[in-house]
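Using the sequences and the accompanying hints, generate a full structural model.
The chain contents come next:
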Amino acid sequence: MPAPALETALDGVRLHVVTGKGGVGKTTVASALGLALARQGRRVLLVEVEGRQGISQTFEVAPLGIEERRLVHDPSGGELWGLSVDATAALLEYLQTFYKLGRAGGALEKMGVIDFATTIAPGVRDVLLIGKVYEAVGRTTGARRGHGPLAWDAVVLDAPPTGRVARFLGVNEQVADLARVGPIHSQAESITRMLHDPRSRVHIVTLLEEMPVQETADAVTQLTGEGFRVGALVVNQVRDTVPPAVLDTDLDADEVEEQVRADLATVGVRSGARTVGGLLAEGRAHAQRLALERELTTEVEALGHPVLRLPALAGGVEDGGVSVLADALVEQGVR
Amino acid sequence: MPRDAPARFEVDRLLTDPATGIIVCCGSGGVGKTTTAAALGVRAAEAGRRVVVLTIDPARRLAQSLGLSELDNTPRPVGSVGADAGGSLDAMMLDMKRTFDEVVLAHSTPEKAAQILENPFYQSVSSSFAGTQEYMAMEKLGQLRAQADLEGTWDLVIVDTPPSRSALDFLDAPKRLGSFLDGRFIRLLMAPAKAGGRAYLKVFSFGANLAATTLSRVLGGQFLSDVQTFVAALDTMFGGFRERADVTYALLKEPSTAFVVVAAPERDALREAAYFVDRLETEGMPLAGVVVNRMQVLGAPGLSGARAEAAAEQLDDRAEDVNGAGPAPGLTAALLRLHTGLAEVASRHEGHVRRFVAAHPGVPVSTVPAAPTDIHDLDGLRRVAQALATG
Ligand SMILES: Nc1ncnc2c1ncn2[C@@H]1O[C@H](COP(=O)(O)OP(=O)(O)OP(=O)(O)O)[C@@H](O)[C@H]1O
Ligand SMILES: Nc1ncnc2c1ncn2[C@@H]1O[C@H](COP(=O)(O)OP(=O)(O)O)[C@@H](O)[C@H]1O
Ligand SMILES: [Mg+2]
Ligand SMILES: [Mg+2]
Chain A
1 MPAPALETAL DGVRLHVVTG KGGVGKTTVA SALGLALARQ GRRVLLVEVE
51 GRQGISQTFE VAPLGIEERR LVHDPSGGEL WGLSVDATAA LLEYLQTFYK
101 LGRAGGALEK MGVIDFATTI APGVRDVLLI GKVYEAVGRT TGARRGHGPL
151 AWDAVVLDAP PTGRVARFLG VNEQVADLAR VGPIHSQAES ITRMLHDPRS
201 RVHIVTLLEE MPVQETADAV TQLTGEGFRV GALVVNQVRD TVPPAVLDTD
251 LDADEVEEQV RADLATVGVR SGARTVGGLL AEGRAHAQRL ALERELTTEV
301 EALGHPVLRL PALAGGVEDG GVSVLADALV EQGVR
Chain B
1 MPRDAPARFE VDRLLTDPAT GIIVCCGSGG VGKTTTAAAL GVRAAEAGRR
51 VVVLTIDPAR RLAQSLGLSE LDNTPRPVGS VGADAGGSLD AMMLDMKRTF
101 DEVVLAHSTP EKAAQILENP FYQSVSSSFA GTQEYMAMEK LGQLRAQADL
151 EGTWDLVIVD TPPSRSALDF LDAPKRLGSF LDGRFIRLLM APAKAGGRAY
201 LKVFSFGANL AATTLSRVLG GQFLSDVQTF VAALDTMFGG FRERADVTYA
251 LLKEPSTAFV VVAAPERDAL REAAYFVDRL ETEGMPLAGV VVNRMQVLGA
301 PGLSGARAEA AAEQLDDRAE DVNGAGPAPG LTAALLRLHT GLAEVASRHE
351 GHVRRFVAAH PGVPVSTVPA APTDIHDLDG LRRVAQALAT G
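Heads up: the protein sequence lines correspond to chains A and B, in order. Going by our numbering, the first sequence opens with residue 1, and the numbers climb by one from there. Going by our numbering, the second sequence opens with residue 1, and the numbers climb by one from there.
Don't read these hints as lab results, they were simulated from the structure. By construction, the Cβ of each residue, glycine as well, lies at the ideal position given by its N, Cα and C atoms.
Just the calculated beta-carbon pair ranges, DEER-fashion:
(1) B/284 <-> A/316: 26 to 36 Å
(2) B/351 <-> A/218: 34 to 44 Å
(3) B/247 <-> A/11: 52 to 62 Å
(4) B/97 <-> A/292: 26 to 36 Å
(5) B/84 <-> A/227: 46 to 56 Å
(6) B/271 <-> A/218: 27 to 37 Å
(7) B/284 <-> A/333: 53 to 63 Å
Where chain A lies over chain B, by a calculated footprint (3+ residues, C-beta under 8 Å):
(8) 59-65
(9) 370-376
What follows is the structure in structure tokens.
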């Protein structure tokens with residue numbers, strides 16, 4: 001199946017959900033994507049839901065709270081804002097809006113009721129968390145609710161890892177058991193409608209390693225099966241391409257060893273057996289690694305979605321690394 | 001010994017010491033906990049121990065080569081590993097939900113168990129509560145240890161830990177679940193359940209009443225009755241359950257237990273490992289050593305990266321003059337450039353390890369080289385184990 005063009009996976013998308021196996025770079029890629037969009041003049045909100053302060057760490061700013069805060073103002077006029085959604089605060093706010101609880105909200109919290117509802121009632125936590133995202137995606141700036149221009153051109157969600165994401169997004173099913181009527185239920189339905197809309201996409205981040213690629217393949221199947229739309233597959237931490245000569249040569253051949261020894265001698269490198277053998281061993285290991293990466297790349301490409309690649313930054317993502325990754329996304333056509 | 005030379009992690013001594021009864025492999029996500037646990041299992045069995053390895057989330061191919069395709073939540077023999085030395089290796093993969101269900105079944109009457117298993121709150125807690133996997137890993141460890149003592153099937157239990165972001169979760173999550181179950185609201189709900197069901201609203205304080213009615217308005221009518229079933233279930237079984245977790249926790253402090261902390265040679269992973277090492281110290285839990293996995297090692301360590309790069313440039317210049325005869329023009333330069341890149345990574349890795357060692361003098365450390373491809377068979381595990389024992 002040929003992958004659709006990147007534009008069809010990204011154009012007009014208003015909600016970008018970013019997932020992937022734990023530790024592959026979801027937060028980093030979500031941040032880079034938000035920044036890439038902001039650099040093209042968009043107003044973008046970047047949201048995290050696990051209370052880990054991954055966004056503030058990536059941008060090296062003070063911890064985010066439950067208020068939206070501007071992270072970047074781009075010369076293009078674009079802006080990137082950050083938000084860390086908190087289920088407890090969201091529930092209190094929600095109860096306030098719908099039930100005008102006043103001070104009783106505080107009493108509920110003290111009694112551990114809020115804690116109870118957000119940790120244990122199936123799906124409630126997720127409905128509350130995505131509820132905030134839903135609100136941001138649909139928010140308008142007009143005087144009346146639902147009127148005027150949209151507040152955000154795009155919302156990027158740093159989502160839970162692949163193992164949990166289908167459950168997280170499947171709020172409707174989760175609360176179905178619990179609340180057949182009532183505001184939580186109708187909220188879940190609106191959220192589900194938004195998540196199934198073509199303007200919402202789930203991007204999956206992977207590394208060129210067996211487990212993450214396997215999880216990516218599983219997630220594509222599962223998410224697609226449940227009616228979500230996969231956007232791009234992002235291969236993160238791609239290492240420098242090797243000089244092809246290393247790959248295409250049979251490094252075990254005798255004349256290769258001879259050649260390397262002779263070459264080293266001409267430039268005055270000590271060309272003892274250990275050096276020559278060691279360099280060849282490094283070449284062989286590298287070729288093996290690359291063969292595996294090629295195989296995994298083929299597997300990722302065969303999943304039928306556009307593939308984006310981000311380089312492995314030698315020094316990690318500190319000191320503006322996320323900006324380099326954002327540029328790489330723009331270069332590959334992220335609009 | 002220079003101040004910053006790491007104490008050697010004597011892995012073989014640990015594995016062959018008959019006093020070692022439990023080995024727990026901890027670390028942050030993706031660093032190689034499962035691989036290390038399996039590798040230690042193979043090596044211990046081949047040194048004559050009768051080992052059971054509890055893995056949590058093995059990579060698919062590794063699971064296959066350990067014969068873990070049957071998901072029945074009980075250990076199965078892994079071929080005849082260790083037989084020559086009089087040892088044996090059994091392995092299993094944790095089924096979290098099933099382990100939880102089994103605890104329920106073991107602690108209540110069949111009717112009551114059926115009721116609990118169907119309860120949506122129970123289902124939510126048993127399949128997705130943050131910490132349930134850690135809790136169940138501990139539960140299973142306790143079970144295996146008890147079975148080992150009782151039946152003499154195994155003399156060494158090796159456990160992998162769940163893939164949480166923080167290594168500390170393994171120690172903290174069960175307590176979190178416990179203290180959550182001890183929470184005020186739960187206790188409030190529990191009291192009337194004890195008093196006998198229907199009258200419960202009467203004994204509720206005004207606040208609890210408000211809480212309950214608000215929640216049922218928000219969440220729908222079924223809510224309260226489901227909560228009640230769940231709470232009643234907690235009341236009958238979770239006391240014992242919590243005790244069991246406490247017993248297992250205590251097991252972790254025994255001198256026969258050894259923690260192996262796995263890390264990658266990166267800043268974040270080693271920082272995580274450092275937290276864990278400190279925490280073990282505070283808890284009085286025995287640390288056996290730290291494994292720094294996936295180190296870049298060089299085939300030609302005597303050649304510096306800078307020298308290799310310079311030599312590659314010289315070769316490029318010469319290639320322009322000569323115009324390639326021989327097997328592959330540019331091959332040597334390519335190998336040299338590859339070496340430069342690898343040398344950079346290797347020195348970064350070593351730097352991270354050095355800093356860790358300097359900050360934790362006396363903590364035994366072993367390093368394992370990064371294999372070019374994933375570790376997915378017994379031979380791969382043997383190589384990792386060999387490195388563990390010698391590096
Ligand atoms: N392209 C890259 N180059 C170098 N380092 C990277 C790159 N992408 C991510 N990293 C580093 O990898 C680590 C994990 O990244 P990140 O926190 O974004 O992953 P995650 O998927 O959000 O993790 P978690 O599952 O724990 O939320 C971080 O230390 C990050 O700095
Ligand atoms: N020394 C190593 N060299 C190469 N690959 C490794 C090494 N150690 C682990 N791996 C690979 O890394 C991946 C993650 O390892 P795993 O043991 O499952 O990590 P964890 O249990 O800590 O999440 C697996 O695919 C494994 O084969
Ligand atoms: Mg993250
Ligand atoms: Mg694991």
